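> The primary structure of each chain is shown beneath.
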Amino acid sequence: MKTAQSEAIQRGKSTGTGEPGLGDLLLKYYIQALLVIAVVILSIINPNFRRPANYANILLQSSFAGIGAAGMTLLIIAGAFDLSVAGILGVSGITLAILSPASVAGAVIGTIMIGIALGLVNGFVVTRMKIPAFIATLGMMNVYLGVAFIATKGQVLGIGSGFLRGIGTDTLFGVVPIPFLTMIVVYVLCALFLGRTVYGRFIRAIGSSETASRTVGVPVNRIKTICFSIVGVCTAIAGILLAGELSSANAIMASGYELNAIAIVVVGGTSLKGGSGTLFGSFTGALFFAVINNALNIFGVGAYWQYVVSGLLLISAVGIEVIRSYVRGSD
Amino acid sequence: MEPGRKAAGGVETAARPAPLIVRFFQFFESLGVLTLLILVIIVASLIAGGFFTYTNITNTIIIASIAAVTGFGMTFAIATGGFDLSVGSVQALTAITAAALMQVTSMPLAILGALAVGICLGLINGVLVTRLRMPAFVATFGMMSVIRGVALLTTKGQSVMITGHREFAAINNGKLLDVPVPLLIVLVVFVLLYFLFRHTPFGRHVCAVGGNRRAAIASGINIDRTTLLVFSLVGLTAAISGVMLSAQLLIVDGTLGTGFELQTIAISVLGGTSLTGGSGNLAGTLIASLLLATISSALNILKVAAFYQYLYLGLLLVLALYLDTLRRDLIAKSILGRR
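Heads up: the sequence lines are chains A and B, in that order. Under our numbering, the first sequence is numbered contiguously, ending at residue 336. Under our numbering, the second sequence is numbered contiguously, ending at residue 816.
Incorrect hints may have been included.
Here chain B is said to cover these stretches of chain A; the calculated rule only asks that three of the stretch's residues, wherever they fall, bring their Cβ under 8 Å from a Cβ of chain B [unchecked claim]:
1. 133 to 145
2. 152 to 160
3. 262 to 269
4. 312 to 320
Cut-off 16 Å, straight-line C-alpha distance, at most; resulting in silico cross-link-like pairs (EDC-like, lysine to aspartate or glutamate) [as the list claims (entries may be wrong)]:
5. Lys633(B) / Asp730(B)
6. Lys278(A) / Glu215(A)
7. Lys135(A) / Glu215(A)
8. Lys135(A) / Asp801(B)
9. Lys135(A) / Asp806(B)
Residues from chain B shown here face chain A by an in silico Cβ test under 8 Å; the list is partial [to be verified]:
10. Leu605
11. Phe614
12. Val615
13. Gln635
14. Met638
15. Gly641
16. Phe679
17. Gly680
18. Leu739
19. Val781
20. Phe784
21. Tyr785
22. Leu788
23. Leu794
24. Val795
25. Leu798
Don't read these hints as lab results, they were simulated from the structure. Just so it is clear, the structure is predicted and the values come from calculations on it, not from any experiment. Ideal placement from N, C-alpha and C gives every residue a C-beta, glycine not left out.
So here's chain B without its partners, still in its complex pose:
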């Protein structure tokens, strides 16, 4: 079963021209949980009346977009073999920064300020991991606590309203050619990061650092610089989602984004990025974020009580990955086992 799986990932078949059907399934593989997303959408639209309304689909996409943007950054971090637990706190602090700057300056400057704060926080994480050689878990766990404290201190535990910038809300509810702006943001970020990941030396370095550290050092890759850049990237993506979240809520406080770290790691892993590092699947991350948002919006439309939502979300998560495992085994057996 193990060699079959490897072949499905394209390791063995890369040596000789693969039959069309295998290449088709490889393409499907690379999209990870797409099959499940389609399945969930079909089931949801059958049993939940009102699922296929314009408003609901837009809302689902907005929720998915906010998680996906940070999920992309997290996918990079996981590909280097680490992760970042501080993204929820960074999201809160950058949302607060955007709201606070909006009171004293123009909107573009406030957004830039928030993004700069995100990059700086990511840099601090990166310095802790590369210069102080701390395990990513401890460094970002400590920073999660520090940044959360700073967010609560700067707001004194109060909420901050965003007033006087009506155009700011357009980041959340605006439309360009009938496409919601959050979806545009997430697609732009996706295209940029996909290019960075798949078509630049930096992207290859990221996978090399996570895949085989010794080999990466031996081949002259600057591991520290790559790691530092990746953590800054995670900070930046967390800041983008912080700005998007503040545009959605228009009232922010220091408790925003609690649990966001596990959510973003979950969508990366669900999308097919392995926590062992060395590879990443950005398209999978995007689809997984849509999957989670679709599940929770379907549960909301079905008016499932909050307590039961925990239960169903958990069971669906496990079931989703179980089906994914079964599908891979089936493909490996039926297509590649017949050599």
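Same shape as in the complex, but just chain A:
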């Protein structure tokens, strides 16, 4: 809260007036504006990009990492992060594949329970065993991946259920995929949790100063554990949708997921130092990465060049924002 106020004061100073002008709005919603501009330009210049099926594809691709990033946003605002999400996603997908022949509904509920449980384990290791989040979650990622490998013997497990394939691939009105709808619901719930509950204020408080929060009696350990289990739930949901879309699951179905999810959160404007950040930013960040990857595919950029171009685009997108705020600040 305090940082938001002081930022607002600084912005007011930089323009010389107290009123937020168009420039300030652009600065605040820079990444959103950039996303809209990119989509409009790409739609104009490329007929393949503007096909409805392609829009649906972008929304679908954004939702897998995006859903995990929702929980990660809360956790990063609380001043921690979770590197074990790729492991949680692998375990979730495999749980779904193993349980689904017996009962699809049971499998979905069981998978979400597993997600909560693994998140609670992470929370326990970080808050009760007092191990730094980086090492704790890196270690737990190895544990989860090991469990996933052992359970599957390194094989790919098929998923036969038509319902599960449906929630991974079906669309509403032919444009809005079910995973994207799920992502909207997840983000709305997380935003309400962060903005409208006392827990949300505690999360920001812990991220700003853990020591101060502890002193004034904020249940730091409980809140952090809750955040870890929210990450677990979100990742399990992403795992269900991804396994549904692929009609299969294996241990390494999400390698690199942790850095992608954190990158989405950071591009969305949330600081890794904790204390501030928005879910709307992360939501846009997820779409932003999906648009970049989609455009590179549409333009037939080779796989190796995609590494180079997507990295440069990420750097320039965030770099321009920083230059803009720098220029405005020195006016």
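Chain B: place on chain A using the hints.
This is chain B only, laid out in the frame that chain A set:
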């Protein structure tokens, strides 16, 4: 418990002469996970026959050395309050540079070329962070992708063999007075960087930038220059490990060093360097790299299946730090709580 911990770190006790026993434990503290390393070595040599052979110990040391060199650079970066996710890609590209230059020029020039590439890549990271004021995560995450792409493009996804330079392999398997060359490299780098970190203004600036940015600015420290130098240093150390890795493998490709960034950050943190910045423990980084290498070599000797290695490595990592936390609490309570 919190004030006790601080005292164990030497903050409170520095004011008055500490009893000998406290100073002994402070020395032990500064070595971080040494106790665990000794414990793991004892257990491994008891249950894994063939652990204490010359070949195995040499191999373990070589593996640890390659990670430790970059871990030192990473410790500097973490001390400034940032980190560098691009080290794995830098390692791959510099290994490829060394291999490619070896085909057209002499070995020393090829090595120098690789190190220069590493410094340049580190400088780019530093410019992005200092001039463009980007968060270190985004800048180095983007560069990780860019450099990985360049590494794959220059090799067209193929492997590059290092041929015709038999003396190059000596960087990996050579010995000077029975000491493996990688260990010598890591010790030289350690001594130089330790001196830089603990006994020069630059080292103090590094900790000041990570510890209290405002205070650092107020006291006239050039934050941008310090950050820039630190990122170049990380690039250089990643390049050294790239050269060491190419000497070990003698065949390199663009996929080398995947996951190296998390591994090097992990050994820094395991060694006692806090991700919040402001301090660094280079000796701890060295010991932590030996700890991880020892664990994985013990698992290999015990012929633990690859799938189970993930599980055990993860559990040992968590257990190791848990024991470390318990030990600190115990020391804080038994020695310093009795005032």
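> Now look at each hint and say whether the structure bears it out.
Checked hints:
no.: 1; hint: 133 to 145; in the structure: holds (count 10)
no.: 2; hint: 152 to 160; in the structure: holds (count 5)
no.: 3; hint: 262 to 269; in the structure: holds (count 3)
no.: 4; hint: 312 to 320; in the structure: holds (count 8)
no.: 5; hint: Lys633(B) / Asp730(B); in the structure: holds, 9 Å
no.: 6; hint: Lys278(A) / Glu215(A); in the structure: holds, 12 Å
no.: 7; hint: Lys135(A) / Glu215(A); in the structure: holds, 14 Å
no.: 8; hint: Lys135(A) / Asp801(B); in the structure: holds, 10 Å
no.: 9; hint: Lys135(A) / Asp806(B); in the structure: holds, 11 Å
no.: 10; hint: Leu605; in the structure: holds, 6 Å
no.: 11; hint: Phe614; in the structure: holds, 5 Å
no.: 12; hint: Val615; in the structure: holds, 5 Å
no.: 13; hint: Gln635; in the structure: violated, 11 Å
no.: 14; hint: Met638; in the structure: violated, 20 Å
no.: 15; hint: Gly641; in the structure: violated, 28 Å
no.: 16; hint: Phe679; in the structure: violated, 24 Å
no.: 17; hint: Gly680; in the structure: violated, 23 Å
no.: 18; hint: Leu739; in the structure: holds, 6 Å
no.: 19; hint: Val781; in the structure: violated, 10 Å
no.: 20; hint: Phe784; in the structure: holds, 4 Å
no.: 21; hint: Tyr785; in the structure: holds, 6 Å
no.: 22; hint: Leu788; in the structure: holds, 3 Å
no.: 23; hint: Leu794; in the structure: holds, 4 Å
no.: 24; hint: Val795; in the structure: holds, 4 Å
no.: 25; hint: Leu798; in the structure: holds, 4 Å
Checked against the numbered hints given earlier, this structure breaks hints 13, 14, 15, 16, 17, 19; the rest are met.
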